[in-house]
Amino acid sequence: MSADIAGTGRVRTSDAEREQVAAILRAAVTEGRLTLQEGDERLGRTYEARYRDELAPLTTDLPSGGWEALARTPEALAAARRRLRRHGSIVVLVAGLLVGAWLLSGAVFFWPLFPILFLTFGLMRHARFVRSGYPWGWGRGPWGPNRRVWSR
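Each number in my numbering corresponds to the 1-based position in the sequence shown with 12 added.
There's no promise every hint is true.
Said to hold, decoys possible - Pairwise CB distance ranges, derived in the manner of DEER restraints:
id, residue 1, residue 2, range
1, Q49, A139, 38 to 44 Å
2, R45, F141, 19 to 25 Å
3, D52, S101, 53 to 59 Å
4, D52, S144, 43 to 49 Å
5, G56, S26, 15 to 21 Å
6, Q49, A107, 20 to 26 Å
7, G108, P69, 49 to 55 Å
Hints are computed from structural coordinates only; laboratory data are not their basis.
Even for Gly, the Cβ is constructed at its ideal location relative to N, Cα and C.
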């Protein structure tokens, strides 16, 4: 590797990162934000990219970097619903364990109420985000922070 590339701090991209950008571009073409020709050109540049900084310009002119379009794909919505069901199952399991501990403790005051309310609040918030179209979470993209546009 040449010294100028080693000193720049450029990071090589992975196949998973290229596939993520490709999915964003496909969703943008499906929405009509890119023409088929633009989509094909950008997909070609996506699969030719060797470094992360070569991927970022491919989606910068899309609203919120293309993340909203990606979040509205059927696969992303199905994954969000699966995560919500799993979250609900965990809340029910923990609530059952807390009620069981309360029954075994013989306490008069129903102390599991507060943790159950806290868990239920988190589940309701999760469900609200899934329903409103923001199922992707608050993570970071592979090449920098995701720019979220909260216009609703």
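Evaluation of the provided hints:
At roughly 40 Å, the beta-carbon separation of Q49 and A139 lies within the given 38 to 44 Å, and the hint holds. For the pair R45 and F141, the supplied restraint of 19 to 25 Å holds, since their beta-carbon distance comes to about 23 Å. Taking the beta carbon of each, D52 and S101 are about 42 Å apart, not inside 53 to 59 Å as hinted. With their beta carbons about 33 Å apart, D52 and S144 fall outside the hinted range of 43 to 49 Å.
Range check, G56 to S26: Cβ separation about 18 Å, and the 15 to 21 Å hint holds. For the pair Q49 and A107, the supplied restraint of 20 to 26 Å is violated, since their beta-carbon distance comes to about 54 Å. A C-beta distance of roughly 51 Å is found between G108 and P69, which places it inside the suggested range of 49 to 55 Å.
Checked against the numbered hints above, the structure violates hints 3, 4 and 6; every other hint is satisfied.
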